[in-house]
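A.B. asks: The primary structure of each chain is shown beneath.
Protein chains: 4
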Amino acid sequence: MRPPFVHEIRVTWGDCDPAKIAYTGRLPAMALDAINAWWEEHLGGDGWFQLELDRNVGTPFVHLSLDFRSPVTPRHRLHCEVWPQHLGDKSITFRVAARQDDVLCFEGTFVCVFTIADQFKSQSAPADIRAVVEPLIRPA
Amino acid sequence: MRPPFVHEIRVTWGDCDPAKIAYTGRLPAMALDAINAWWEEHLGGDGWFQLELDRNVGTPFVHLSLDFRSPVTPRHRLHCEVWPQHLGDKSITFRVAARQDDVLCFEGTFVCVFTIADQFKSQSAPADIRAVVEPLIRPA
Amino acid sequence: MRPPFVHEIRVTWGDCDPAKIAYTGRLPAMALDAINAWWEEHLGGDGWFQLELDRNVGTPFVHLSLDFRSPVTPRHRLHCEVWPQHLGDKSITFRVAARQDDVLCFEGTFVCVFTIADQFKSQSAPADIRAVVEPLIRPA
Amino acid sequence: MRPPFVHEIRVTWGDCDPAKIAYTGRLPAMALDAINAWWEEHLGGDGWFQLELDRNVGTPFVHLSLDFRSPVTPRHRLHCEVWPQHLGDKSITFRVAARQDDVLCFEGTFVCVFTIADQFKSQSAPADIRAVVEPLIRPA
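Residue numbers (my numbering), protein chains in the order written: chain A, -7 to 132; chain B, -7 to 132; chain C, -7 to 132; chain D, -7 to 132.
If you're looking for bench data, these hints aren't it; they were derived computationally from the structure. What you are looking at is a predicted structure, and each value in this text was computed from that prediction instead of being measured. It cannot be assumed that every hint is accurate.
Since the list gives no way to pick out one identical chain from another, each pair is judged satisfied if it fits inside one copy or across any two copies.
Claimed, not checked - DSSO-like mimics (lysine-lysine), calculated; alpha carbons at most 30 Å apart, straight line:
1) Lys113 <-> Lys82
2) Lys82 <-> Lys12
3) Lys113 <-> Lys12
Chain A on its own, in the form it takes in the complex (with noise of 0.2 Å):
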């Protein structure tokens, strides 16, 4: 059994709002950059950018929610799990689950839809992205 897909973060001062916690406008774009980061880890080193730009795989985002748990601070890194939840035809359903020193602070779900880049067109999961994806899939 694989290990977890864990991504590090260094929260900062700058992420940082008055009440001395990372901001909540910032925190939807840390998940992002984790499950960005699992594409990256999954697919050879390919991100959005190489999906999009040399697979011509775009996989757009058409839902997010979050739960916040606990404040995020600069006191400990964030480690970012991330998994593949469900794979449905054209569409992609991640978790995110967000920890500094072993508390949850933030948790989400993340549904893709699928696409043709350069048509801004709804399409299939690829055959090599599926076959990646689903012996990773964690049904809730």
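Go by the hints and put chains B, C and D onto chain A.
C.D. replies: Just chains B, C and D now, with coordinates in the frame of chain A:
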């Protein structure tokens, strides 16, 4: 009846990714800017900064969810309609609907809790804020 | 004589760091937003996005420098005055002076070069742009 | 002789604009992240957040200048070399040189002043910080 509150955002080149549309990671922050502007409009110019520092009231987010309906681009201004959907004893739920050229681009639900800011401790909605919010609620 | 061009920015809680002032890392982007707004104002609504995609003209930055004079806060709107200081054959130099409540907060110099956008190749300033910019130049 | 300090940044799709290169408005923040990481490395893990909150030392920026030499893309990690160039009584000057695949992408100069953080008042560089910085200075 009051007209809806709409916050206008100028979407720019710098908000866009190589797909030539605003990057998903920036859209939640735009929705938050609109909610902050809603507070400014209804509390005599006080947004989160003044709420926290001058009134000692925090309103941290415990949940947000967004559905992306149509791409956001710099071709039009982004008009973010904001309204409170529910006011609980200790929480407030906002809805945001963001449109460009009358097309719905994204919509979302945001739940905040009221805190005593310098103690980061939950509190009931302060009476003066409750008085402002209640007449503006549009239930789901 | 034309009045100066001033772009207004709403500084918020989310722009501030724990020192309760706007984070330095966000100020250059605010200056760039002001320069983009200057283009929009003077090219009939066309900012960098339209320049690049509709006119095939890029204006990438080769230099920027900023001096920070006074902290930026959400207490006042930020008024960014923008003007072209110099137009060379293939480059343009902008000045930005950002003020809150009539206090100079930061000022800077920005040098861009003109490119054929889809070739990322340097070019002379297009004639129609030169005609717009020249009367607005305020030399150092 | 110590090896140079290099902070690695993962450049992503979300950092890029429609020209398919990192947006200029994000590069100064990347340089600042590298300077913050330099402090963390040399002060036992303390970056600006801990300097300010635990040591009551602020280091606000009074100047920054950047020259952009070559586009930044997600094709390679961005390696930001950071070193102090000068330590005055009350100020410190950093240099940052950012490279991808051994190509210089941008370089810059950053001047910070030392403050008593909770008074936002200028002070001389604290002795323990001076002792750490002085051996690392590489004059212009």
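A.B. asks: Does each hint hold? Answer for all of them.
C.D. replies: Structure-based check of all given hints:
no.: 1; hint: Lys113 <-> Lys82; result: within (11 Å within a copy, 39 Å between copies)
no.: 2; hint: Lys82 <-> Lys12; result: between (41 Å within a copy, 22 Å between copies)
no.: 3; hint: Lys113 <-> Lys12; result: between (43 Å within a copy, 15 Å between copies)
Hint compliance for this structure: no hint is broken.
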